[in-house]
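Keeping their order, the protein sequence lines are chains V and W. Our numbering puts the first residue of the first sequence at 1, with every later residue one more than the last. Our numbering puts the first residue of the second sequence at 1, with every later residue one more than the last.
Just so you know, nobody snuck in bad clues.
Any copy will do: because identical chains look the same in the list, a pair fits if it lies in one copy or spans two.
Cross-link-like lysine-lysine pairs, in silico, DSS-like; alpha carbons within 25 angstroms at most:
{"#": "1", "residue 1": "Lys61", "residue 2": "Lys119"}
{"#": "2", "residue 1": "Lys61", "residue 2": "Lys130"}
{"#": "3", "residue 1": "Lys419", "residue 2": "Lys402"}
{"#": "4", "residue 1": "Lys374", "residue 2": "Lys121"}
{"#": "5", "residue 1": "Lys216", "residue 2": "Lys206"}
{"#": "6", "residue 1": "Lys423", "residue 2": "Lys448"}
{"#": "7", "residue 1": "Lys419", "residue 2": "Lys61"}
{"#": "8", "residue 1": "Lys94", "residue 2": "Lys130"}
{"#": "9", "residue 1": "Lys402", "residue 2": "Lys293"}
{"#": "10", "residue 1": "Lys374", "residue 2": "Lys122"}
{"#": "11", "residue 1": "Lys413", "residue 2": "Lys121"}
{"#": "12", "residue 1": "Lys51", "residue 2": "Lys413"}
{"#": "13", "residue 1": "Lys349", "residue 2": "Lys122"}
{"#": "14", "residue 1": "Lys402", "residue 2": "Lys122"}
{"#": "15", "residue 1": "Lys122", "residue 2": "Lys379"}
{"#": "16", "residue 1": "Lys130", "residue 2": "Lys76"}
{"#": "17", "residue 1": "Lys453", "residue 2": "Lys419"}
{"#": "18", "residue 1": "Lys130", "residue 2": "Lys51"}
{"#": "19", "residue 1": "Lys379", "residue 2": "Lys121"}
{"#": "20", "residue 1": "Lys51", "residue 2": "Lys61"}
{"#": "21", "residue 1": "Lys374", "residue 2": "Lys51"}
{"#": "22", "residue 1": "Lys394", "residue 2": "Lys279"}
{"#": "23", "residue 1": "Lys413", "residue 2": "Lys122"}
{"#": "24", "residue 1": "Lys413", "residue 2": "Lys293"}
These are computed hints drawn from the structure, not numbers from a lab.
Protein chains: 2
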Amino acid sequence: MPQLGFLHGRAWAALLGQLRRPPGAVCIGAVRSHSQGTRDFSPQQMVVREKILDMVVSCFKRHGAKRLDTPAFELKEMLTERYGEDSGLIYDLKDQGGELLSLRYDLTVPFARYLAMNKVKKMKRYHVGKVWRRESPTIVQGRYREFCQCDFDIAGHFDPMIPDAECVKIMCEILSGLQLGDFLIKVNDRRLLDGIFAVCGVPESKFHAICSSVDKLDKMSWKDVRHEMVAKRGLAPEVADRIGDYVQCHGGVSLVEDMLQDPELSRNKQALEGLGDLKLLFDYLTLFGIAEKISFDLSLARGLDYYTGVIYEAVLLQTPAQAGEEPLNVGSVAAGGRYDGLVGMFDPKGHTVPCVGLSIGVERIFSIVEQRMKTFGEKIRTTETQVFVATPQKNFLRERLKLIAELWDAGIKAELMYKNNPKLLTQLHYSEDMGIPLVVIIGEQELKEGFIKLRSVASREEVAIKRENLVAEIQKRLSES
Amino acid sequence: MPQLGFLHGRAWAALLGQLRRPPGAVCIGAVRSHSQGTRDFSPQQMVVREKILDMVVSCFKRHGAKRLDTPAFELKEMLTERYGEDSGLIYDLKDQGGELLSLRYDLTVPFARYLAMNKVKKMKRYHVGKVWRRESPTIVQGRYREFCQCDFDIAGHFDPMIPDAECVKIMCEILSGLQLGDFLIKVNDRRLLDGIFAVCGVPESKFHAICSSVDKLDKMSWKDVRHEMVAKRGLAPEVADRIGDYVQCHGGVSLVEDMLQDPELSRNKQALEGLGDLKLLFDYLTLFGIAEKISFDLSLARGLDYYTGVIYEAVLLQTPAQAGEEPLNVGSVAAGGRYDGLVGMFDPKGHTVPCVGLSIGVERIFSIVEQRMKTFGEKIRTTETQVFVATPQKNFLRERLKLIAELWDAGIKAELMYKNNPKLLTQLHYSEDMGIPLVVIIGEQELKEGFIKLRSVASREEVAIKRENLVAEIQKRLSES
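So that you can see chain V by itself, here it is in the shape it has in the complex (with noise of 0.2 angstroms):
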């Protein structure tokens, strides 16, 4: 994807230019808030955060999403045994009267029971806002009780897997645009993993339960999970090793065409519809030359109940790491999935509106992109502004007043010392640290001349300017830079 990696390199570029820049404000340093497991995002955290959700919301613009937003809160009944396992960690209001109310726990089911109470039956958009989770109070790094997500989902009945394909395509744009390093995406699929849950002979009661400990490989051995199967999910030690021969294998679109021909699963109608859509959604990936990212993984079964078909998670293969950076074991940084059932729980005659779609880590992505920024030191611009209005002058604050007007009334991003009698040179180290641009300069003199003085901060130079040209040639100037 050169043009791809073109593009998206240019607006990062800009933004490392930007940390670059030499005379930027202070360094990037964590903020505590009294909250446990929240933060206050500081202005330098805020230029970096906001130009990563960019470059995200740019990318499901280009897929033609359409922004929708819901409310913070949503009925508790709503909420409650959406989240399998994770349903604890819903963070409730206090009960004041009126209406029981829980935050949100992710966009996905707030996007489904919007679907549902609004009966749209095909729908593209994508959400960015905040969500809620009561995690454990030590916080791994990356992991919060406030975070934001950001989220592209397609609804409506389609033909198998090109909406899916699409998905795992927008995964692939926004990690390669971010230039994170290298990454992988593990694809599986829900129905694959309860046929092989029936074939190695689970029962159907505990199909949820072992699908919970199958997702914990990724942070577990084998040998734990296979423990809790048998301990704790009271799983016949025999089942728990045939399904170990499964969910241990991954690889490309032959290990599709190698379980095909498992002759056990290819009885099983449900893994056979898994195999048979992974086959389709591996051919349309290398359509779209995307192949060699995708790994058939079938230890991939994502915590969340709502999930019907396929699923899917993007990996960061290696921290960025570079020279004296410290390693950052960050895992997974988007995921997803289809879930062709959730809507119809929010609707009262059951109608469902099948669904796919996927959600970048951005936390996780802003983390890394800190510890770059802490290792490197690199210093940031948090403000705009294109002018400070100056004077070498006592008693010229009145003077300095008109000026400005006159450049915020004309567009001009313009900033002065609040004070009646400030240094010259204050003034003229403020814009320097803050990276300024242009300085005007007015004194008594050049009031009397009709003169305006406009000094260039990096070159130092000062010309006089006409004072009724000032605007147009601030415009100018900025124009060209």
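Here the structure of chain V is known, so what remains is to put chain W in place on it, guided by the hints.
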């Protein structure tokens, strides 16, 4: 402000232009959410909201503000007793173990907490985010339990009234830029009100309560407010009458001069400070060229407890009525003031940082624009898709997928139908309905000859483009339009 009007007018005209685009999509309609007092925002609404927020934020940036973000919830103790009589409207989170938390009620208290915790002595920041208030379930139009605030604040020790005047200027720029019709900015000073209360014989313990009563003068008659003061607040009738003589006054800078001559008020230190600052404020606002928008209004009190000096509030003077448009009473659309004591409340040693700021009531502004659009049946594009990839051919999905990936990778916003064999007419209709300007048509013959048809949706003209030149040709056309 002709230049400002022009600048903002252009952006606004672009929005309106987009709204009037003929092949636009669905009309704006209300979407119900199950949680009372909250709303989902449809893609149509999100387009309008984003345009308005962009204009507000660009004004904040023009004045050199940095962006800050804080969590949705704060420790409960941080919020209690900050909002006077309104504290009962704070949403608390359920005690699920750990800290007691509340949803933020505004963006000002979190800002003050941030300054104190991080020992920041000087900062000009803006914050766009949602806040939550348990308003009465009967939602007055434009008043919700979840709503967006756009705040700009200046913290630091500066010479009097310079940042305060800039805040009023910003409200002016935003309201002029949004072209909502004529508006007025009421100004007053809390110290002056306290001085008046003292001079009239109100016991100091009742200052806050009486201030709350005065605050109701924009919704209630003086007779009713007087009744509340006497019957509910226990004020002597003659004291209430003396207050009434003052708080029913409004005028320009000459009223400030008159009150400075008031024999009783001019002996009250608080009143004198307030009047002196108001005089200075009028002076600076005159230099800014906006004095004619300002009304010194002694009935302005602002409900919140934390204000300590100058206060202001922008009101629309009339609905943006056009022929056939239903009147919509929106009242106050922006407000703010000086709060010099709030940061000290969060500092263990009580070190304070003087602050002044403003908040734009964007929800009310959204309501006005929505109402306008409903009345005129204005339509809106909810996606930015530039190219639709279509085919007249059966079994041509693979070719479409290859082609669209090429467009995406070149940064072109493109969509296709998620069907194996869509009808050409359906594809063309969709492009027209969605306002997509270009359609790429790929078929067997074109493929054989190495050409692809490019169709302009508006003119319905089709030209054959060499396959290898397609991306360049599309980019050329898009840059021209």
